[in-house]
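Q: Residue strings, one per chain:
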Amino acid sequence: MKSKTMLYVRDHWQLYVVFLLPALALTIIFRYIPMGGILIAFQDYNPIRGLLGSRWVGLKHFARFLSSPDFLSYLSNTLKLSVYGLLWGFPVPIILALLLNRVQSPSIKRNVQLVLYLPNFISVIVVCGIVRILLSVTGPVNNFFGTQINFMAAPEAFRSIYIASGIWQGAGWASIMYTAALANVNQETREAAILDGANILQEIRVVEWPAIKDIALIQFILQAGNIMSIGFEKAYALQTDLNLPSAEIIATYVYKKGLLDGDYSFSTAVGLFNTVVNVIMLLIVNKTISKLNDEQGL
Amino acid sequence: MEKNHLIKLTYRDRAIIRIGYLLLAAFVISIIVPVLYIIVASFIDPVTLQNKGVTFDFDKWTLTAYERVLSNKAIWTGFGNAILYSVVYTALSVFITLLVAFPMSRPDFKGRKFFNILFVITMFFGGGLIPTYLLVSNLGMVNTIWAVVLPGAFSVWNMIIARTYYKGVPKELQEAAFVDGASEVTYFFKVLMPVCAPLIMVLSLWQFVGMWNSYFDAMIYLNDSAKQPLQLVLRSILIQNQPESGMISDMQSTAARAQLAELLKYATIIVSSFPLLVMYPFFQKYFNKGILIGSIKG
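One line per chain: the protein sequences are A and B, in this order.
When the letters of the first sequence are read in order and numbered with the numbering used here, they come out as residues 1 to 298.
When the letters of the second sequence are read in order and numbered with the numbering used here, they come out as residues 1 to 298.
Hints may be right or wrong, so weigh each one.
Straight-line C-alpha distance at most 25 Å; calculated DSS-like pairs for lysine-lysine [what the hints assert, rightly or not]:
#  : chain 1 : residue 1 : chain 2 : residue 2
1  : A       : 4         : B       : 171
2  : B       : 167       : B       : 73
3  : B       : 73        : B       : 227
4  : B       : 285       : A       : 234
5  : B       : 227       : B       : 110
6  : B       : 167       : B       : 113
7  : A       : 234       : A       : 80
8  : B       : 73        : B       : 113
9  : A       : 256       : A       : 4
10 : A       : 213       : A       : 287
11 : A       : 60        : A       : 291
12 : B       : 285       : B       : 227
13 : A       : 4         : B       : 285
14 : A       : 80        : A       : 256
15 : A       : 234       : A       : 256
16 : A       : 234       : A       : 287
17 : B       : 285       : A       : 109
18 : A       : 109       : A       : 4
19 : B       : 73        : B       : 110
20 : B       : 227       : A       : 256
21 : A       : 287       : B       : 285
22 : B       : 227       : B       : 190
23 : B       : 167       : A       : 213
24 : B       : 110       : A       : 4
Read the hints as simulated data drawn from the structure, not as lab findings.
So that you can see chain A by itself, here it is in the shape it has in the complex:
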């Protein structure tokens, strides 16, 4: 058995050396070595002394984080932002694709698509810049309504701004895969449904939904499983000093504690906590969905 493997490797060495090695090297260096670096979460890490010379402190940093009054606030900010984001954001691409699928004229359809996909090519920074301009105290939104609300300073507005601008930027692009799947709907089923006198909602349920169900489930699992890894870049770019009570999420806190304050060990502990919660979520979601969906998980 062993010699068989050796023979295979000898005959196919190119597969290992040319094809596999670059990706393997990158994975080990930039993914696995930092996993070893997680150990500093259990130390009072001192960059000069290094990993071996720093003092071990056990779960001190975890205890400090979990017992701090900020902990619940950052955790709930993170969870609310992603759960609400998922609940509001997830159906929109599906609805857009279903609507787009009903547009009869090819040229209208193409132009609508062109507009829907456009915001995906605007960067996060620019989208946040536009949001800040539109919502500023003297900006067009306030002008239009004759008000002077400082939206960017209001903690209660942060989540709505974040989620709405996320849908604005991403929903069209995310609808592409549903649109592509809808191109394969079974026309015979549609004709049969219409002959049976199905109304439009019934028709969608028996004709369109089966074509997109699998993609929707996979997307849902992936998004729900990544509930804790909500993007740093956008949250950070929409933060102001005043909206922090709802805008500070774990990712931005890890960055500030670690790289701005230099509290490496504490920041690593918070990051590890976040990752572990995320993995647990993923396992739960995958298990639940596969139970619901005839044992077909990811």
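Place chain B on chain A using the hints.
A: Using the frame of chain A, we list chain B on its own:
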């Protein structure tokens, strides 16, 4: 069939379809209006913009914002760096991904299961910010292009997509090539790659746009302002309200500087978003194809 269908629609169905079209139209308008607003506002004289907002009195229109933005060195340096990083990252990342997907797509590849687990784990678990940062800085890559380009160069997700794509390539091609005595490398470059053009196109597009629009890695690893990519320059202008000093320093009063700084934001948004937005319609035909590639379960 469609005609019959339309005749048979009930009053309720028709109402649902109309509401649907209205929703779609509303979404399209919500994209177009802010973009048009930014474009129009970028041409308006700063004092008028602040006092009256957008106007179509063309005497109040000016190109001053564009002159200042385009004559600013930081923007151009940013463009240059962004192009450099995005091109290098895309080439490297796509090449490595295409390579490793080849053995990972072959059922006979010994060790496939093991490497697959090794790669997939990194999609869900990692060392986090600080351990990765410490590694990159220990490797001496801080303030070099490699800090931005290398750590994320291998994408497991893209590997899964490429692998799935390869599996759709007829087996006969491979068998014929090996019967003719081709090596793995020869087969890969001479036979497999030429039939993978759509895959390569789509992966390149994703990686390029992803790198072009990101700022986090550049923010933490590149302190030297001469090395910063466009998004970081944009961040100081749009988010931190710190325009490059040369852009507004000739104005006498603080108020005038503030008005001009506000106007510069609009022009900066247009100038910085222009290249991708102009190029994007030309790539549109690849989108549907690409998403079909992407939505296949690996």
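Q: Each hint: holds or not?
A: Status of each hint after checking the structure:
With a CA separation close to 24 Å, the supplied pair residue 4 of chain A and residue 171 of chain B stays within the 25 Å bound. Distance restraint check for residue 167 of chain B and residue 73 of chain B: the Cα-Cα separation of roughly 48 Å exceeds the 25 Å cut-off, and the hinted pair is therefore not satisfied. For the hint linking residue 73 of chain B to residue 227 of chain B, the alpha-carbon distance of about 12 Å falls within 25 Å, and the restraint holds. The hinted pair formed by residue 285 of chain B and residue 234 of chain A fails the criterion: a straight-line CA distance of about 29 Å is larger than 25 Å.
Straight-line distance between C-alpha atoms of residue 227 of chain B and residue 110 of chain B comes to about 43 Å, which puts the hinted pair past the 25 Å bound. A C-alpha spacing of about 16 Å is found between residue 167 of chain B and residue 113 of chain B, which places the hinted pair at or below 25 Å, so the restraint holds. For a cut-off of 25 Å, the pair hint linking residue 234 of chain A to residue 80 of chain A stands: about 15 Å separates their Cα positions. In summary, the hint linking residue 73 of chain B to residue 113 of chain B is not supported, as the alpha carbons are separated by about 51 Å, beyond the 25 Å threshold.
For a cut-off of 25 Å, the pair hint linking residue 256 of chain A to residue 4 of chain A is broken: about 53 Å separates their Cα positions. For the hint pairing residue 213 of chain A with residue 287 of chain A, the CA-to-CA distance comes to about 18 Å; that is within 25 Å, so the pair holds. Our distance criterion of 25 Å between C-alpha atoms is broken by residue 60 of chain A and residue 291 of chain A, whose separation comes to about 39 Å. Between residue 285 of chain B and residue 227 of chain B the alpha-carbon distance is near 34 Å, which puts this suggested pair outside the 25 Å criterion.
Our distance criterion of 25 Å between C-alpha atoms is broken by residue 4 of chain A and residue 285 of chain B, whose separation comes to about 47 Å. Our distance criterion of 25 Å between C-alpha atoms is met by residue 80 of chain A and residue 256 of chain A, whose separation comes to about 21 Å. The hinted pair formed by residue 234 of chain A and residue 256 of chain A meets the criterion: a straight-line CA distance of about 15 Å does not exceed 25 Å. Simply put, residue 234 of chain A and residue 287 of chain A have alpha-carbon atoms about 30 Å apart, too far for the 25 Å limit, and the pair is violated.
Distance check on the hinted pair: residue 285 of chain B and residue 109 of chain A sit about 14 Å apart at the alpha-carbon level, within 25 Å; holds. A threshold of 25 Å between alpha carbons decides the hint, and for residue 109 of chain A with residue 4 of chain A the separation of about 57 Å lies outside it, so the pair is violated. Restraint check: the Cα-Cα separation between residue 73 of chain B and residue 110 of chain B comes to about 54 Å, which exceeds 25 Å; the hinted pair is violated. Between residue 227 of chain B and residue 256 of chain A the alpha-carbon distance is near 22 Å, which keeps this suggested pair within the 25 Å criterion.
Taking the CA atoms of residue 287 of chain A and residue 285 of chain B, the gap is about 37 Å. The hint is violated against a cut of 25 Å. Annotation: proposed proximity of residue 227 of chain B to residue 190 of chain B is violated, straight-line Cα distance about 38 Å (limit 25 Å). A threshold of 25 Å between alpha carbons decides the hint, and for residue 167 of chain B with residue 213 of chain A the separation of about 23 Å falls inside it, so the pair holds. Only pairs whose Cα atoms come within 25 Å are accepted, and residue 110 of chain B paired with residue 4 of chain A is accepted, the gap being roughly 10 Å.
Checked against the numbered hints given earlier, the structure breaks hints 2, 4, 5, 8, 9, 11, 12, 13, 16, 18, 19, 21, 22 and satisfies all the rest.
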